[in-house]
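As given, the protein sequences belong to chains A and B, one line each in that order. Taken in order, the first sequence gives residues 6 to 301; the numbers are from our numbering. Taken in order, the second sequence gives residues 6 to 301; the numbers are from our numbering.
These are calculated hints, taken from the structure and not from any lab test. Note that beta-carbon positions come from the ideal geometry of N, C-alpha and C, so glycine has one too. Heads up, a few of these hints could be off.
Stated by the list, open to error - The calculated EDC-like cross-link candidates involving lysine to aspartate or glutamate, where the alpha carbons are at most 20 Å apart (straight line), are:
hint, chain 1, residue 1, chain 2, residue 2
1, A, Lys265, A, Asp247
2, A, Lys107, B, Glu111
3, A, Lys13, A, Glu287
4, A, Lys146, B, Glu150
5, B, Lys146, B, Glu218
6, B, Lys107, A, Glu111
7, B, Lys146, A, Glu150
8, B, Lys102, B, Glu218
9, B, Lys208, B, Glu218
10, B, Lys13, B, Glu218
What the hints assert, rightly or not - Label pairs and their computed distance ranges (CB to CB):
hint, chain 1, residue 1, chain 2, residue 2, range
11, B, Phe27, A, Arg138, 54 to 62 Å
12, A, Ser246, B, Thr21, 41 to 49 Å
13, A, His141, B, Lys267, 40 to 48 Å
To be verified - If you want the ones that stay clear, here's a sample from chain A, every Cβ over 10 Å from chain B, calculated:
hint, residue
14, Lys16
15, Glu17
16, Ser25
17, Asp119
18, His132
19, Lys146
20, Asn204
21, Leu210
22, His211
23, Gln280
Residues per chain, in single letters:
There are 2 protein chains.
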Amino acid sequence: MNITAYLKEKKELIDTFLESHFNTPFVPAVLNSAMGYSLFAGGKRIRPILALASYETCGGIAEEILPYAASLEFIHTYSLIHDDLPAMDNDDLRRGKPTNHKVFGEGIAILAGDALLTEAFYLLSNHTHRTSRITHCSVLKMIREVAMAAGAHGMVGGQAQDILSENETLDSASLSFIHTHKTGALITASVRMGGILANANEKTLHALTQYGENIGLAFQIIDDVLNVQGDSRELGKQTGSDERMEKMTYTRLYGIDLSKKKAEELVNNALDVVQSLSEGAEPLREIARYIIRRRN
Amino acid sequence: MNITAYLKEKKELIDTFLESHFNTPFVPAVLNSAMGYSLFAGGKRIRPILALASYETCGGIAEEILPYAASLEFIHTYSLIHDDLPAMDNDDLRRGKPTNHKVFGEGIAILAGDALLTEAFYLLSNHTHRTSRITHCSVLKMIREVAMAAGAHGMVGGQAQDILSENETLDSASLSFIHTHKTGALITASVRMGGILANANEKTLHALTQYGENIGLAFQIIDDVLNVQGDSRELGKQTGSDERMEKMTYTRLYGIDLSKKKAEELVNNALDVVQSLSEGAEPLREIARYIIRRRN
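This is chain A alone, in the form it adopts within the complex (with noise of 0.2 Å):
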């Protein structure tokens, strides 16, 4: 398959909805602009591509949950607002675009995440596109799942380690613990939406979770590893930025071969465990690869 295509095709139907979103705009204007500025920044819809990508591979048609999916673009969006203001990151330069808090002033960057996370759980819960093979019990579920992922349980909880742990000495728990809290839990969660809107039996949601899981890891290290030798002009931000705040990377603990190999390690996990799922699970084999190889 050609995976290129593939990505375009599905973040378009993102795109498509997510700007369909603001045909009502928010108010006041300013809190509007804020929100739609970074959410159109020109992400590139991974979490929620995994999302229609699980579901495909359970047998549904990716329409039917694109509310949902965006929903994690969403949540994606508000956590980059908040990660790049002055009292975390304090980053000036996202995706080549001066951050959110740069362009609109803290107070209104900090109210367009809250607005892009409670949105989330808004479109996550409204029953206007929910199609009858959907059940109410699964989108409950799925709710959970991903107010768990998203939370202090999850990449909240990631991000307050992140912080805590500058000029620190370097500890693979706190690593580790960093890395699967900060990026990985909403990634396996994304996996696992395709899945559980899906009904997909407790053996295939076990193997999309270690899929997740694998490439939610490996996901995190190609970033540390991009921050240190990426293009800055791909990358749209400063490389070099994780060590002169002395993150917590995978690049600073094992260096940038070793980080690599254990990406690949990952990701070829990662191909283990969809091989048992069905032919559909092509896209979900072809994004893994991607990830490894991506520039930015």
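Since chain A is already given, all that's left is putting chain B on it; use the hints.
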């Protein structure tokens, strides 16, 4: 009825639930402390109590919806933490204690808010405590309403307008927008929550909505009045801060006396609309009267 005893009894129910929710601490420990610091800083638990009172009015038993009601306090607490940040209202004191960011730093305060908001949606979607009389369908409807009330179309939109209106010329349309969105939306959603979970009919839900809108606005007007002439010790924060920041407030636009009169009118409206409800609506009536009398 003895409203003081009623409020105390319901507050204890909520507090016990909130405390038990921290039996499994969040990690890292600092994040857990920051979340608990503001959640257990002596809030009146008005929003959860409104949900319980409304559920009882519709024939339910308060204990059945405790986790849902408690989620409202997570949302309210997150909003206070973020509102107090230097980039927003820049408050150093809240309920007589240093604000969250003063104790834990801005980064952790932002994350504690994010975590509380996300945890609210975990609580709202968690099935383990759902009793059979509450359907999946009404739970989803409730989540959607809470998300709508808390997000850009509600509380966050109101707070954005609030910070954008500082130092602006007084304008009754902006003031009304701020009040109905920043405070009114979540209070109305709290009252409606009880009705939705009890499967109340449209007529009852309509009455609860009107009740909520009236007391929500009265609550905010009294807040404005207390900010001018309340007792700093009883309030636990400095009075006069709205005036210093040239906030768009009721008292600034209409003066103290007219503001008080308006709040009384609103409470009378609220009392009128709940007349149509059952005998069980007595707590709702007493809470409306309490809102006018309160000193903090």
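Here is how each hint holds up against the structure:
This hinted pair checks out: Lys265 of chain A and Asp247 of chain A have alpha carbons roughly 17 Å apart, not beyond 20 Å. Note on Lys107 of chain A and Glu111 of chain B: the hinted pairing holds, with a Cα-Cα distance of about 17 Å set against a maximum of 20 Å. Distance hint between Lys13 of chain A and Glu287 of chain A is fulfilled; the C-alpha atoms sit about 16 Å from each other, no more than 20 Å. Note on Lys146 of chain A and Glu150 of chain B: the hinted pairing holds, with a Cα-Cα distance of about 18 Å set against a maximum of 20 Å.
Proximity of Lys146 of chain B to Glu218 of chain B is assessed by CA-CA distance (about 19 Å); at most 20 Å being required, the pair is judged to hold. The hinted pair formed by Lys107 of chain B and Glu111 of chain A meets the criterion: a straight-line CA distance of about 17 Å does not exceed 20 Å. For a cut-off of 20 Å, the pair hint linking Lys146 of chain B to Glu150 of chain A stands: about 18 Å separates their Cα positions. Under the criterion of a C-alpha separation no larger than 20 Å, the hint pairing Lys102 of chain B with Glu218 of chain B is inconsistent with the structure, at around 30 Å.
Straight-line distance between C-alpha atoms of Lys208 of chain B and Glu218 of chain B comes to about 15 Å, which keeps the hinted pair within the 20 Å bound. For the proposed pair Lys13 of chain B and Glu218 of chain B, the alpha carbon gap of about 24 Å is over 20 Å, so the pair is violated. For the pair Phe27 of chain B and Arg138 of chain A, the beta carbons lie near 38 Å from each other, so the given range of 54 to 62 Å is not met. A C-beta distance of roughly 45 Å is found between Ser246 of chain A and Thr21 of chain B, which places it inside the suggested range of 41 to 49 Å.
Evaluation of the 40 to 48 Å hint for His141 of chain A and Lys267 of chain B yields a pass: the beta carbon distance comes to about 42 Å. No beta-carbon of chain B is positioned within 10 Å of the beta-carbon of Lys16 of chain A; the least distance is around 24 Å. Interface exclusion of Glu17 of chain A from chain B stands, the closest Cβ pair being 25 Å apart, more than 10 Å. Remark: the non-interface label on Ser25 of chain A is consistent with the geometry, its nearest Cβ contact in chain B lying 16 Å away (cut-off 10 Å).
The non-interface label for Asp119 of chain A is inconsistent with chain B: the shortest C-beta to C-beta separation is roughly 5 Å, within 10 Å. Non-interface status of His132 of chain A relative to chain B is broken: a Cβ of that chain comes within 10 Å, the nearest being about 6 Å off. In this structure Lys146 of chain A is not separated from chain B by more than 10 Å, as the shortest Cβ-Cβ distance comes to only about 7 Å. The claim that Asn204 of chain A lies off the interface holds: its Cβ sits roughly 14 Å from the closest Cβ of chain B, which is beyond the 10 Å cut-off.
The Cβ of Leu210 of chain A lies farther than 10 Å from every Cβ of chain B, with a closest approach of about 16 Å, so its non-interface assignment holds. Chain B leaves His211 of chain A outside its interface by the beta-carbon criterion, the shortest separation being 20 Å against a cut-off of 10 Å. With a cut of 10 Å on Cβ distances, Gln280 of chain A stays outside the contact zone with chain B, its closest approach being about 32 Å.
Violation of the numbered hints given earlier is confined to hints 8, 10, 11, 17, 18, 19; the remaining hints are satisfied by the structure.
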